[in-house]
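Undergrad: Chains as they are written, first to last, in this note's numbering: chain G, 75 to 250; chain Z, 113 to 361.
You may find that some hints are simply not true.
As the list claims (entries may be wrong) - Taking lysine to any residue pairs in the SDA-like style, the calculated list, with each CA pair at most 20 Å apart, reads:
1) G:K77 / Z:D246
2) Z:K257 / Z:D246
3) Z:K120 / G:K77
4) G:K119 / Z:H179
5) Z:K120 / G:K119
If you're looking for bench data, these hints aren't it; they were derived computationally from the structure.
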Amino acid sequence: MSKERLTATFEELAIPLFDQLYNFAHWLTQDRSEAEDLVQETYAKALRGFASFRPGTNFRAWIYRILRNTFLTSRAGLKASVPLDSDDLAEPSAGPDTPETLLMERSQRLVVQHALAELPVHFREILLLCEVEEMSYLEIAETLAIPIGTVMSRLSRARRALRDRLRQKLPGERNG
Amino acid sequence: MADAWTSKLDAFLDGELSPDEMSALDAHVRTCPACAADVLGRTQLKRAVQQSGRLYSPSTELRQRVHQIVGTRQRAVWHWQVAALATVVLIFAVAFLIQSRRDHRALPQIDSEIADLHVAALASSNPVDVVSSDRHTVKPWFEGKIPFTFNLPELRDSDFTLVGGRVTYLRQTPGAHLIFQLRKHRLSVLIFQDRAEFRALPSDARPRQQAAFNVESWTQGGLRYFVIGDTTADDIHRLADLLRGSESS
Chain G
75 MSKERLTATF EELAIPLFDQ LYNFAHWLTQ DRSEAEDLVQ ETYAKALRGF ASFRPGTNFR
135 AWIYRILRNT FLTSRAGLKA SVPLDSDDLA EPSAGPDTPE TLLMERSQRL VVQHALAELP
195 VHFREILLLC EVEEMSYLEI AETLAIPIGT VMSRLSRARR ALRDRLRQKL PGERNG
Chain Z
113 MADAWTSKLD AFLDGELSPD EMSALDAHVR TCPACAADVL GRTQLKRAVQ QSGRLYSPST
173 ELRQRVHQIV GTRQRAVWHW QVAALATVVL IFAVAFLIQS RRDHRALPQI DSEIADLHVA
233 ALASSNPVDV VSSDRHTVKP WFEGKIPFTF NLPELRDSDF TLVGGRVTYL RQTPGAHLIF
293 QLRKHRLSVL IFQDRAEFRA LPSDARPRQQ AAFNVESWTQ GGLRYFVIGD TTADDIHRLA
353 DLLRGSESS
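Chain G on its own, in the form it takes in the complex (with noise of 0.2 Å):
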């Protein structure tokens, strides 16, 4: 494929992705600026490796790992850096309070929000790659890199930290 042909294509399959990646991005940073760099840095590194790139696999799981290890390279992700044996620490929650039968009766997004951004880097991101970008189990484990049980159980404790933060945002309404 010429140069020219190959950055075409590249600019057909990256180009619809840059509002998504932004915003991916943006909750990684939780800086403007710094999402701006982390996006532009993603983009120009995937323009370069894009040779490398094989056609007919998943391009959205491939640009967004390339996103995020660049993320996790950076000074802000260091900062944030993931622990990477979280995932055994399971711990059992779910008690009987589900806080987010709450989130029916009134708009909660602003809470919801500040609650995805204290969560923990490793948390946060894949419950955006689920519910934000709607990724499958297995785009997931390529983007992260982790195998589908991994993508599973970080999900689901994902969840239920998320769950936890919200019952401690709304603790008026814990017995109500």
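Based on these hints, arrange chain Z on the given structure of chain G.
TA: Showing chain Z alone in chain G's frame:
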């Protein structure tokens, strides 16, 4: 027992179970109030994250920067725009050059034709067809002979005298040719309807040289005036001023 199912609820809601498992779990949820409540809660949480997670929009600047990094299309558009602009500039430049060359050619050509008319009239045994120093005789004489009318100046207080007039033609268009006398010199005043080919002539009312004659021309009231003679540029200019001032007389 609900616990066996609970561990699968997330995968169920994420659409990650096999079709068989999906329908089995679906059937169970319909009969198990605990699991049904759990599914409801998890669904709400999923939806809440979905809605809250779509939060940040990129700036226009970032969009442009990324397009610059990636953009074959952006570059193509840019090239296309520059090419279009260059073409427009080129067309204007060529048109301007052609026009200005044409103008430069037109200027001496018309002046030299005016000089020819002046010389031809003076060389004729009958330089004028209406012989009169009275402007009130000369002006009406042109009625019906040329497609316009004009005013002649009062010369009583000047050193110019009107000799007479004739009909003349410049490029197949009729006009008035008047002869004035100043001392021993005879000067021609030629009047035509203004037209496009005259626009190239200078608009400043200063006499210029043409084959040793002085020529001054201007446009007034839709008419193009030429004053030409072998006297000084100052004389030509004085006569031109008299004609210009005759508008209301």
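Undergrad: Hint by hint, note whether the structure agrees.
TA: Taking the hints in turn, this is what the structure says about them:
Between K77 (chain G) and D246 (chain Z) the CA atoms are separated by roughly 89 Å; this puts the pair beyond 20 Å, and the hint is violated. Proposed proximity of K257 (chain Z) and D246 (chain Z) is supported: the alpha carbons are some 18 Å apart, at most 20 Å. For the proposed pair K120 (chain Z) and K77 (chain G), the alpha carbon gap of about 47 Å is over 20 Å, so the pair is violated. About 14 Å separates the Cα atoms of K119 (chain G) and H179 (chain Z), which keeps this hinted pair within 20 Å; it holds.
With a C-alpha separation of about 38 Å, the suggested pair K120 (chain Z) and K119 (chain G) falls outside the 20 Å cut-off, and the hint is violated.
Hint compliance for this structure: hints 1, 3 and 5 are broken, all remaining hints hold.
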